[in-house]
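Since the structure of chain X is provided, determine the placement of chain W on it from the hints.
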Amino acid sequence: MRGPLLPTAGVGSYSMPGWLERAKNDYLLRRITAHDLEEMHDAAVKAAIKDQEIAGVDIVSDGELRRDNMIDYFAMRLPGVEIDHASKKFYYDYYESVVRARMPMAPLGLAEDFRFLRRFTERRTKLSITGPHSLVKRIRNEYYPSEETFAIEIARVMNLELRELVRAGAEEIQIDEPYYSGFPEDLPWGIRAINALVDGADARVSLHICYGNRYGKPSWEGSYRYLFPAILDARVHQLTLEFARRGGDDLQLFKEFPAPFTLGLGVIDVKSHDTETPAVVAERIRRALAILPPERLAINPDCGLLHLPREVAFAKLGAMVEGARIVRRELQG
Amino acid sequence: MILHINYLPQERRAAASDLMAALFPLLEDEAIDPPLLATLHVHLDWIQYRANFREPVTVRRAADDRGETIPLAELAVDLRQAAPASLRDDLARALASLRAIEGELDDHLVVEDFTPLSRSMIWRFNRLFWQRLADWERHTGRGFEAALPSGRSDANDQRAVVDAVAEFWTLLVDLDKRGQLPPEIFALEIGVGSGTRAALWLDRFKALDQERSTGYYPRLRFLLADYSLPTLDRAMGTVGAHQEAVSTIAMDALNPLRALSFLRYKILYIHLTNVYDNLPADELVRRDGRLYLVEARAYLPRPVARRLAESYGLSPPELRAAVARLVEVGPDLFGDRDRGVAFWREVWDGLRLEERLRRLAGIADAPLPPGLDQHHLEDLLATAPEDVRFHISGGAAESFVNTVPLLHPRGYLQVQDIFVATMDEYRHGFRGPGKLDGSVVNWVNGALLRAVGARAGYDVHFAPFHYRPGSRTTILYTTQRD
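Order-wise, the sequence lines are chains X and W.
At position 293 of the first sequence the residue is numbered 293 (this note's numbering), and the sequence of numbers has no breaks.
At position 442 of the second sequence the residue is numbered 442 (this note's numbering), and the sequence of numbers has no breaks.
Keep in mind the hints are simulated off the structure, nothing from the lab.
Please read all numbers here as calculations on a predicted model, not as lab measurements.
Note that the Cβ used here is the ideal one computed from N, Cα and C, for glycine as well.
Among the hints, erroneous ones may be present.
With a cut-off of at most 27 Å between alpha-carbon atoms, the simulated DSS-like pairs for lysine-lysine come out as follows [said to hold, decoys possible]:
| # | chain 1 | residue 1 | chain 2 | residue 2 |
| --- | --- | --- | --- | --- |
| 1 | W | Lys177 | X | Lys137 |
| 2 | X | Lys137 | X | Lys88 |
| 3 | W | Lys206 | X | Lys137 |
| 4 | X | Lys89 | X | Lys137 |
| 5 | W | Lys266 | W | Lys177 |
| 6 | W | Lys206 | W | Lys266 |
From the derived model, a few chain W residues whose C-beta atoms are all more than 12 Å from chain X [what the hints assert, rightly or not]:
| # | residue |
| --- | --- |
| 7 | Pro56 |
| 8 | Val110 |
| 9 | Asp252 |
| 10 | Tyr312 |
| 11 | Asp373 |
| 12 | Val404 |
For reference, chain X alone in the conformation it holds in the complex:
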């Protein structure tokens, strides 16, 4: 991994401004045009990039502020997915979506998002995409014989997009798969879908698995033990997990199962409005350093910052960065 020791990054989404939420709802009700909404998206993304830079984050994202939620942005772009546009009135809800025939190959247009991000920051960048397992759980399948074949097919289509992103210059890509934690029995084929998705994509790939953050609350509870040892077969460079809210017990799994990838260590509880101090963040990093060497650790929040007020999200990023710096100084003497 190039860059500083203990590199810091967001997991993806940044605080969603209230005015943008209202604009998204207004767009659904056709009170504003797509052009107006896009202008607002551009402004919000630029502000999110700037906030991350000012907070000192090493790897910057676009804050995912163009997205209504983690599913619809992809469901609307996946070729062959039919969307019932009348099925939601609140932007954060999910559209009713269905696949009724074999999905053709076609680009999703994510490279444009990446180019926009690249244009407004000199920092390292990361773009996140929702993984096939999570998409399969939300898009109704009326064609493929099983969830697994549907997921592999989505992976095949999205693999093309990953390659396009790499061609556009993307070096870091994150795949979000929160639904694993709700359906641990799917893990074997879920990982096969991940491997199909990343096949031949020459980028650093991290796989983010959490316990959900819908409406800023967990969708499931449990232990990451269900991931092991199957997850060791995932052909990714980093596993990004939540440890701030849930505590560090599951860190022991990395001692029990030596992993071929680095760990994206969640050090910020995104479900609490209380801002961690840098000292707390530093302590959470030290706890992980008792298990893994610093070269195998990256630092991030537990999940996206979408549901936090902007000032809280910004303060949390700042605390994360400062906490990482404290430990970096300790390690480097």
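Structure of chain W alone, referenced to chain X:
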């Protein structure tokens, strides 16, 4: 003049007719200003709680956002209280007061300044009641549940409790099958009353556990929570047979998360009965497309004030001071508790609310609870009648948003209370507040809670409490919003 017949029971139709016959000549006699007459709203109401803060006929003036009186007024008649013999005089007095310059009416001893309803002194009386419940009950010679309209609490309905346990059981079995049942099974009762419901619930849960040999009961951690220590002590006595499974915690229902933050996302079942109806609320009125905040000040009708002053040897200013001191220090204000409780009961019995409508400059000035912004209010108003008076159930909403973070991802909240489930139901008149023994009781805006719930990631549903015919209780329950 605009007439609102909000509710007209069959047996009161003649009274309503008498009222109109008395009103029209009075309007002429009292020479109401034409601009005021054009905007005068006359409401015929029926208030569920016989004991309430209204007199048979009341008036409300309106003021703009700077406090200047504006030509909008309401004349409100509680058909339940209105007596045919005195109706004409009551109406005449009310109409005469419309001409009075803003200030204290001659027949009122005002004991606080105008303030939004949620900050009225009545809520301090309410708190006093729960803190000094034992003193009150000793003096009245009956338990507070006996004051309920049906004489008993729907919380303690055996069949409802059996169904509630069965529903919870289904959840536990499902979690167990998936290997997701936590080692400790947390359940929480907020607002414990006499503890009877908790005892019934625990008895049933234990019996079911023994019957099915599931081993859930030893894992159960049942929390009784209330802000009244005497109430908790009493409830703990009632659940005596389950002391191993039960803990008590003193906390404010407005913010359970503060006291129980260590249980965030861990509690599988949270239940409240008649708590939301006992939390401060504001009220908004929409007239001719403009929003008004209801402001109120508590007063004692002059005859009541005179009687109290004589009985307790107080001048009017001393009486006003004694009322303020009562809600500060409780019934020991005279150094004689029995005398203090008697004074407390008489004051409470006589206490009324004078109201005025304060025009809001815009929707953003409405007092909104956590979890709700003016855009949600706009959405609510879009589903409401044009002319409407409705609750901003701020206390209930605050409690809700500070409770749901305690829920396990598969957990749920159940609330038995009196809800106005849709904004359209406000079409049917004045909803409160009322008095229930020494406490305040108020309908809760369910439509508002539905909006707050959606924002917090929960769908909020309402089901009628079908276990007792004629019950006005509704059961609110949450499901995870996808």
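- Task: Find the hints from earlier in the document that the structure breaks and name them by number, from lowest to highest.
- Result: Going through the list in order, the structure violates hints 3, 11 and 12 and respects the others.
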